[in-house]
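Colleague: Using the hints, position chain B against chain A.
Residues per chain are reported as follows:
Protein chains: 2
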Amino acid sequence: MENNRPTLYLIPVELSTTSPADVLPAANFEVASRLKYFIVENVRSARRFLRRCDRTIDIDSLTFFTLNEHTRREEIADMLRPMEEGNDMGVISEAGCPAIADPGADVVALAQRRGYNVSPLVGPSSILLALMASGFNGQSFAFNGYLPIAPAERTAKLKELYRRAVHDDQSQIFIETPYRNNRLIADIVSALPHDALLCVASDITGPNQSIRTLPLSRWASADFDFNKTPTIFLIYHP
Amino acid sequence: MENNRPTLYLIPVELSTTSPADVLPAANFEVASRLKYFIVENVRSARRFLRRCDRTIDIDSLTFFTLNEHTRREEIADMLRPMEEGNDMGVISEAGCPAIADPGADVVALAQRRGYNVSPLVGPSSILLALMASGFNGQSFAFNGYLPIAPAERTAKLKELYRRAVHDDQSQIFIETPYRNNRLIADIVSALPHDALLCVASDITGPNQSIRTLPLSRWASADFDFNKTPTIFLIYHP
Numbered sequence: 354m355e356n357n358r359p360t361l362y363l364i365p366v367e368l369s370t371t372s373p374a375d376v377l378p379a380a381n382f383e384v385a386s387r388l389k390y391f392i393v394e395n396v397r398s399a400r401r402f403l404r405r406c407d408r409t410i411d412i413d414s415l416t417f418f419t420l421n422e423h424t425r426r427e428e429i430a431d432m433l434r435p436m437e438e439g440n441d442m443g444v445i446s447e448a449g450c451p452a453i454a455d456p457g458a459d460v461v462a463l464a465q466r467r468g469y470n471v472s473p474l475v476g477p478s479s480i481l482l483a484l485m486a487s488g489f490n491g492q493s494f495a496f497n498g499y500l501p502i503a504p505a506e507r508t509a510k511l512k513e514l515y516r517r518a519v520h521d522d523q524s525q526i527f528i529e530t531p532y533r534n535n536r537l538i539a540d541i542v543s544a545l546p547h548d549a550l551l552c553v554a555s556d557i558t559g560p561n562q563s564i565r566t567l568p569l570s571r572w573a574s575a576d577f578d579f580n581k582t583p584t585i586f587l588i589y590h591p
Numbered sequence: 354m355e356n357n358r359p360t361l362y363l364i365p366v367e368l369s370t371t372s373p374a375d376v377l378p379a380a381n382f383e384v385a386s387r388l389k390y391f392i393v394e395n396v397r398s399a400r401r402f403l404r405r406c407d408r409t410i411d412i413d414s415l416t417f418f419t420l421n422e423h424t425r426r427e428e429i430a431d432m433l434r435p436m437e438e439g440n441d442m443g444v445i446s447e448a449g450c451p452a453i454a455d456p457g458a459d460v461v462a463l464a465q466r467r468g469y470n471v472s473p474l475v476g477p478s479s480i481l482l483a484l485m486a487s488g489f490n491g492q493s494f495a496f497n498g499y500l501p502i503a504p505a506e507r508t509a510k511l512k513e514l515y516r517r518a519v520h521d522d523q524s525q526i527f528i529e530t531p532y533r534n535n536r537l538i539a540d541i542v543s544a545l546p547h548d549a550l551l552c553v554a555s556d557i558t559g560p561n562q563s564i565r566t567l568p569l570s571r572w573a574s575a576d577f578d579f580n581k582t583p584t585i586f587l588i589y590h591p
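Chains as they are written, first to last, in the working numbering: chain A, 354 to 591; chain B, 354 to 591.
Bound-form chain A, shown alone (with noise of 0.2 Å):
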């Protein structure tokens, strides 16, 4: 690192049911190992991620500030407060990489206007993941969020990322609510030409992983059974 000021570490979590070491570096158990103070989404889910990298750990000895979607932007300013007086921190999302879908952004923003540094470990997301197992262009790529859920702005929403895909050559990535997956599928069926490619990436990492490839036209006679499983949806122009 390029100099002694504190350091703002970013630590990824499991995204489903393995072992840490199946995903996770080595290297990150130590990290999370030797910091004393976190900034994490759910208090609960992090000290058992914490247990987890190191059965040994003193969790009482801990100070955690929970930064979540109910946040306010002058709170994070108080959580940095052990960096100030030299400390290190550690950010821990729910699952995945903290600061890609998910809360965290505006930590890391604040921690680097004041020129901390900021380390980001290696661990699964679940968006690279999926766009690597796709087949899809590599090179270039955007990744959206969620999709509008009223009808009409769906379908345009739809047809606009695969104008995307065809025009800029650019792989679309999205994501939806688990509980809705299924119907998303028969959106993207309905609203788009049936020889585009749909890659729906599910349970990414875990038992039931499942990532596959297909036109349009195979999706609509597929069987398939996604709800309420965490998954990835990527389309694009063969």
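Don't take each hint at face value.
Identical copies go unnamed one by one, so any copy, or any two together, can satisfy a pair.
What the hints assert, rightly or not - Computed list of lysine to aspartate or glutamate pairs in EDC-like fashion (alpha-carbon distance at most 20 Å, straight line):
hint : residue 1 : residue 2
1    : Lys510    : Asp521
2    : Lys512    : Asp375
3    : Lys512    : Glu529
4    : Lys512    : Glu383
5    : Lys581    : Glu447
6    : Lys581    : Asp522
7    : Lys510    : Asp522
If you are wondering where the hints come from, they were derived from the structure by calculation, not from laboratory data.
Modeller: Chain B only, in chain A's frame:
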């Protein structure tokens, strides 16, 4: 995995001079050391990587197929022949994650068309790590590969990406040939408003890692040298 078809494993490699255990999960070493057939960007560096994964590996018992920008499409079909015979295979690129800003997507696409399992292993992606540490929007982002080199086209592309950053609230990510990194920063400073934010993420996971987000007004007078160091660039509007 959902069936007993053969699996194509996508095996990430370190980005910089680090110990494999710093950036790769232990499970990857087990997968890499039990496979016999590999599709690789460079045979010499793939062999060295496999030795780092497992010092006792019998390299001479392994079969390597070379996949790079010179590989013709019809050669790719031949490379998957071991899978037709029921063998699992691995894809290894020069650095980072196969099929992301690297060769590999074509062979994955063919494996998907043939109905094989594709299993992406966790590893370092400079794109994703840079985005995590930038403080920029992680709910919507695009990776755009290389910018055009000709000055007028390059300026036009930068303005288009900045427009998308503002209009679509989408973080924009791109790369440059390392010996032109310093020049690119100067070009961005000339092309975009001085309150636009630029994150420069250099030697990610390496001994000289530097990930710094500043407004262009500060990059204009900053003291930096990223010449010949692998670097990722991100722009966003605050």
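Colleague: Hint by hint, note whether the structure agrees.
Modeller: Structure-based check of each hint:
In this assembly of identical chains, the alpha carbons of lysine 510 and aspartate 521 lie at most 20 Å apart whether taken from the same copy (16 Å) or from different copies (12 Å). Within a single copy, lysine 512 and aspartate 375 get their C-alpha atoms no closer than 38 Å, and across copies no closer than 42 Å, so neither meets the 20 Å cut-off. In the homo-oligomer, the alpha carbons of lysine 512 and glutamate 529 lie at most 20 Å apart inside one protomer (17 Å), although the nearest pairing across protomers, at 31 Å, exceeds that limit. Taking the shortest Cα distances, lysine 512 and glutamate 383 never come within 20 Å of each other, neither inside one copy (46 Å) nor across copies (43 Å).
For a Cα distance limit of 20 Å, the shortest separation of lysine 581 from glutamate 447 inside one copy, 17 Å, qualifies, whereas the shortest one across copies, 37 Å, does not. In this assembly of identical chains, the alpha carbons of lysine 581 and aspartate 522 never lie at most 20 Å apart, being 31 Å within a copy and 29 Å across copies at closest. Taking the shortest alpha-carbon separations for lysine 510 and aspartate 522, both the intra-copy value of 17 Å and the inter-copy value of 15 Å come in at or below 20 Å.
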